[in-house]
Amino acid sequence: MFPHGVTSYILGGIIIGLGVSFVYILTGQHATQSSFFSSTISYFSKIPYFNRKTYLDSREWRLYFAAGVILGALLYTVTISPDGFWTTSVQWWRLLIGGFLVGFGTRLSSGCTSGHGISGIASMSTASLLAVITFIVVGVITANIILLLGVTP
Amino acid sequence: MNNRNIVLFVGGIVFGFGLAVGGMSKPEVVLSFLQLKDFGLIVLMGAATGVTFIAINVVPRFVEKPILGGEFKPRTRILNRNTVIGAVIFGVGWGFSGQCPGSALSSLGIGNLPVLLGIAAMFLGAYVMGRFFG
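Those sequence lines, one after another, are chains W and P.
Numbering of the first sequence is given in the working numbering, commencing with residue 1 and proceeding in unit increments.
Numbering of the second sequence is given in the working numbering, commencing with residue 154 and proceeding in unit increments.
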């Protein structure tokens, strides 16, 4: 079940939780990820959906938050990472098609692994719990179908 | 940069650092969970949720409101058809590519440039959703 042990996963999870908690205790904001796409599109699009108050109010801090996430991973890479800079072997068309479905699905569902997964479940939201169970079950089925079709990686 | 943005920036750095420590910046690690080979992702999510649970449910008993103002409100979402259909579509994309929004951003930070394609596609997906189904 844990070919690489659990230490890095527990440690990573605690650090992520501390980041989310730090933001919540200081600002009351839920530091979640996927709204970043819709709120950033509001800078370029006049379509009413993207210009909702919730996106206009949050688009600035969501940019800072996203920049922080990138920088935090960079910081790890140049300090304690055992592998340094790293590139995926997952094929480009998987990143492209998968990315589109991730962008579409998370926005339709109003949450992703962080919004429904961390902040939603920690808020004891039934809708988020159901969403998490759904995307994990569907993700497992999809990943295994692709593996069975012989696509690697 | 106002105080709130500084907090979100610092919180983002911590979040991204944690994602990288936990291996989530690598689509391969996410896929190894979804292929049921390594259950670390669930452990990571559990640990992150446990810490956040304290911040959302326990801290407000001792601290009246957020230090920079505003109010403490748990994150609630109404369960409707879109919550579930969206989660199904996200699940397909997640299983297809091993990427989710946060992990993709952190992946950029570990130098994984091909993920730019995934992030661009996420923007496009979010645009199509809002434009035609919002």
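What the hints contain is simulated information worked out from the structure, not anything from laboratory work.
Hints may be right or wrong, so weigh each one.
[Said to hold, decoys possible] When the alpha-carbon atoms are kept at most 20 Å apart in a straight line, the in silico EDC-like pairs for lysine to aspartate or glutamate are as follows:
| id | chain 1 | residue 1 | chain 2 | residue 2 |
| --- | --- | --- | --- | --- |
| 1 | W | Lys46 | W | Asp57 |
| 2 | W | Lys46 | W | Glu60 |
| 3 | P | Lys226 | W | Asp83 |
| 4 | W | Lys53 | P | Glu224 |
[What the hints assert, rightly or not] Label-pair restraints from in silico Cβ distances:
| id | chain 1 | residue 1 | chain 2 | residue 2 | range |
| --- | --- | --- | --- | --- | --- |
| 5 | W | His4 | P | Met154 | 19 to 27 Å |
| 6 | P | Phe192 | W | Ser45 | 22 to 30 Å |
| 7 | W | Val151 | P | Ile159 | 17 to 25 Å |
Backbone N, C-alpha and C define an ideal beta-carbon position, used for all residues, glycine too.
Now for the hints, and whether the structure bears them out:
| no. | hint | in the structure |
| --- | --- | --- |
| 1 | W:Lys46 <-> W:Asp57 | holds (15 Å) |
| 2 | W:Lys46 <-> W:Glu60 | holds (17 Å) |
| 3 | P:Lys226 <-> W:Asp83 | violated (40 Å) |
| 4 | W:Lys53 <-> P:Glu224 | holds (17 Å) |
| 5 | W:His4 <-> P:Met154: 19 to 27 Å | violated (38 Å) |
| 6 | P:Phe192 <-> W:Ser45: 22 to 30 Å | violated (40 Å) |
| 7 | W:Val151 <-> P:Ile159: 17 to 25 Å | violated (43 Å) |
Taken one by one, the earlier hints fail for this structure at numbers 3, 5, 6, 7, listed in ascending order.
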